[in-house]
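Visitor: Below, each chain spelled out in residue letters.
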Amino acid sequence: DAKTTQPNSMESNEEEPVHLPCNHSTISGTDYIHWYRQLPSQGPEYVIHGLTSNVNNRMASLAIAEDRKSSTLILHRATLRDAAVYYCIPPDLQGAQKLVFGQGTRLTINP
Amino acid sequence: DAGVTQSPTHLIKTRGQQVTLRCSPKSGHDTVSWYQQALGQGPQFIFQYYEEEERQRGNFPDRFSGHQFPNYSSELNVNALLLGDSALYLCASSFVWPGAGELFFGEGSRLTVL
Chain A
1 DAKTTQPNSM ESNEEEPVHL PCNHSTISGT DYIHWYRQLP SQGPEYVIHG LTSNVNNRMA
61 SLAIAEDRKS STLILHRATL RDAAVYYCIP PDLQGAQKLV FGQGTRLTIN P
Chain B
112 DAGVTQSPTH LIKTRGQQVT LRCSPKSGHD TVSWYQQALG QGPQFIFQYY EEEERQRGNF
172 PDRFSGHQFP NYSSELNVNA LLLGDSALYL CASSFVWPGA GELFFGEGSR LTVL
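These protein sequence lines map, in sequence, to chains A and B.
Numbering-wise (the working numbering), the first sequence opens with residue 1 and increments by one.
Numbering-wise (the working numbering), the second sequence opens with residue 112 and increments by one.
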């Protein structure tokens with residue numbers, strides 16, 4: 001399985017942008033990068049995924065480095081409800097939808 | 112449209128007992144995966160079911176078994192419970208994909224083994 005590295009924790013203020021980094025130096029050229037988040041007392045929820053170019057959806061943006069060895073999840077205007085553990089996840093190469101979760105980044109949002 | 116539902120939400124067992132956890136996938140989804148999440152850790156893949164068969168398995172002993180029914184719902188069974196089996200058990204559903212897509216998770220069943 002490809003491996004990822006994320007900071008253990010980050011802190012930001014409400015209504016400010018947040019940039020969550022992820023290094024995935026062993027990822028192959030056909031691997032999608034997925035991001036999930038887990039709010040307290042809930043199961044993980046999908047945030048965004050991408051392959052080569054930057055991606056945007058209603059929740060966040062995903063910036064992928066040109067060499068694909070790193071990516072950054074961008075929350076444009078953090079709210080208190082964005083406080084969660086954010087997981088950067090490489091997909092299983094066997095195509096069986098197995099997600100390999102690491103420790104993730106615990107994001108704290110200050111009011 | 113109901114999402115992924117799991118039952119029970121909480122349960123307490125003693126060592127050596129057996130437990131069955133249940134999952135109903137999101138409407139229209141045909142694939143169910145189970146994950147174990149120990150306190151303070153990320154979820155770990157247990158196994159996945161598609162077309163009523165186990166398609167892939169993580170690094171879990173044979174004490175962990177499952178089943179998928181024709182209506183796509185699924186059960187996770189754990190025999191001979193150990194203290195270390197205490198965890199949040201998460202069910203996720205999806206369509207079989209070619210390499211991208213999203214999984215929908217339930218809120219989990221929290222198992223405590225005494």
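These are computed hints drawn from the structure, not numbers from a lab.
Treat the hints loosely; a few may be bogus.
Label pairs and their computed distance ranges (CB to CB) [to be verified]:
#1 M10/A x E162/B: 24 to 32 angstroms
#2 T223/B x T52/A: 30 to 38 angstroms
#3 E66/A x G114/B: 30 to 38 angstroms
#4 F206/B x Q42/A: 35 to 43 angstroms
#5 L39/A x N182/B: 23 to 31 angstroms
#6 L80/A x L150/B: 19 to 27 angstroms
Small disclaimer: the values here were computed from a predicted structure and weren't measured.
Where is the CB? At the ideal position from N, CA and C, for every residue including glycine.
Visitor: Now look at each hint and say whether the structure bears it out.
Guide: Right, here's what the structure says about each hint:
Take M10/A and E162/B: their Cβ atoms lie about 41 angstroms apart, and the range 24 to 32 angstroms is violated. Roughly 44 angstroms separates the CB atoms of T223/B and T52/A, a value that falls outside the hinted 30 to 38 angstroms. Restraint check, E66/A to G114/B: a C-beta distance of roughly 37 angstroms satisfies the suggested window 30 to 38 angstroms. Hint check: F206/B to Q42/A, Cβ distance near 22 angstroms, so the stated range 35 to 43 angstroms is violated.
At roughly 29 angstroms, the beta carbons of L39/A and N182/B sit within the given window of 23 to 31 angstroms. The beta-carbon spacing between L80/A and L150/B, approximately 24 angstroms, falls within the hinted interval of 19 to 27 angstroms.
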